[in-house]
Amino acid sequence: KQEVTQIPAALSVPEGENLVLNCSFTDSAIYNLQWFRQDPGKGLTSLLLIQSSQREQTSGRLNASLDKSSGRSTLYIAASQPGDSATYLCAVSGQNFVFGPGTRLSVLP
Amino acid sequence: EPEVTQTPSHQVTQMGQEVILRCVPISNHLYFYWYRQILGQKVEFLVSFYNNEISEKSEIFDDQFSVERPDGSNFTLKIRSTKLEDSAMYFCASSEFRLADNEQFFGPGTRLTVL
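Going down the list, the protein sequences come from chains A and B.
The working numbering puts the first residue of the first sequence at 26, with every later residue one more than the last.
The working numbering puts the first residue of the second sequence at 122, with every later residue one more than the last.
Hints are computed from structural coordinates only; laboratory data are not their basis.
A few of these clues could be false.
What the hints assert, rightly or not - Taking CB as the label site, the calculated pair distances span:
| id | chain 1 | residue 1 | chain 2 | residue 2 | range |
| --- | --- | --- | --- | --- | --- |
| 1 | A | Gln79 | B | Pro123 | 22 to 28 Å |
| 2 | B | Arg143 | A | Ser84 | 28 to 34 Å |
| 3 | A | Asn47 | B | Thr126 | 28 to 34 Å |
| 4 | A | Gln79 | B | Glu124 | 22 to 28 Å |
| 5 | B | Ser176 | A | Ser94 | 25 to 31 Å |
| 6 | A | Gly41 | B | Glu122 | 28 to 34 Å |
| 7 | A | Gly108 | B | Gln162 | 22 to 28 Å |
| 8 | A | Thr83 | B | Asn149 | 22 to 28 Å |
| 9 | B | His131 | A | Ser71 | 21 to 27 Å |
| 10 | B | Glu180 | A | Thr83 | 34 to 40 Å |
| 11 | A | Gln106 | B | Ile181 | 32 to 38 Å |
| 12 | B | Glu189 | A | Tyr101 | 39 to 45 Å |
| 13 | B | Val133 | A | Ile32 | 23 to 29 Å |
| 14 | B | Glu224 | A | Asp52 | 16 to 22 Å |
Ideal placement from N, C-alpha and C gives every residue a C-beta, glycine not left out.
Based on the provided sequences and hints, a complete structural model is requested.
Laid out in structure tokens, this is it:
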């Protein structure tokens, strides 16, 4: 059974810092991995999708990497802004879609 | 930009009542999904739906739950007899192609409160 974990559970950084969020999964037989952003009480906004054959994807200040063999993905956020404050979720697609518990990010002005 | 919509945004019901949560997926998408998120917990997969039938379902999706695509645009989740533990955010999602190959787009969610 696929298990997805995310470290850290919460992170607080000053504005302008670069930061890395981590996602780990136990079963490397995945089709893709997707990173989402969730604002409090809101839905999920897709940020990046990495197919299992890819190593990374970039969108603006976001860069996500995938190492399928080791069961890890990272989300790198450059030059963080207060508007980046949210919970970041990773989810892996295999038989079903399994979510991690999320990292709650606070970017302080 | 096309988006997934859900109604209502918040539903309050008494334990034992039936509820129907509604979703309008993105129009050219073929695969539809329901997820739930109990407050403070992970988002959990409930069911996937394609070609008017269930493709996959989790152990959470028991006989109390059913899904339907009653017309060309709506996708519904019915809970027959709600329990207190059904209180959660319910998210609908859709994708153009099969989950394994494609990005999912999520709706804003329906907050279900069972009293």
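Do the hints match the structure? See the list:
1. Gln79(A) x Pro123(B): 22 to 28 Å: At roughly 25 Å between Cβ atoms, proline 123(B) and glutamine 79(A) fall inside 22 to 28 Å, so the hint holds.
2. Arg143(B) x Ser84(A): 28 to 34 Å: holds (31 Å)
3. Asn47(A) x Thr126(B): 28 to 34 Å: holds (33 Å)
4. Gln79(A) x Glu124(B): 22 to 28 Å: Holds: the Cβ-Cβ distance is about 26 Å, inside 22 to 28 Å.
5. Ser176(B) x Ser94(A): 25 to 31 Å: About 28 Å separates the Cβ atoms of serine 176(B) and serine 94(A), which means 25 to 31 Å holds.
6. Gly41(A) x Glu122(B): 28 to 34 Å: About 30 Å separates the Cβ atoms of glycine 41(A) and glutamate 122(B), which means 28 to 34 Å holds.
7. Gly108(A) x Gln162(B): 22 to 28 Å: Once the Cβ atoms are compared, 26 Å apart, the range 22 to 28 Å for glutamine 162(B) and glycine 108(A) holds.
8. Thr83(A) x Asn149(B): 22 to 28 Å: holds (26 Å)
9. His131(B) x Ser71(A): 21 to 27 Å: Since the Cβ atoms of histidine 131(B) and serine 71(A) sit about 24 Å apart, the hinted range of 21 to 27 Å holds.
10. Glu180(B) x Thr83(A): 34 to 40 Å: holds (37 Å)
11. Gln106(A) x Ile181(B): 32 to 38 Å: holds (37 Å)
12. Glu189(B) x Tyr101(A): 39 to 45 Å: holds (42 Å)
13. Val133(B) x Ile32(A): 23 to 29 Å: violated (36 Å)
14. Glu224(B) x Asp52(A): 16 to 22 Å: Holds - the Cβ-Cβ distance for glutamate 224(B) and aspartate 52(A), about 21 Å, lies within 16 to 22 Å.
In this structure, the one hint that does not hold is number 13.
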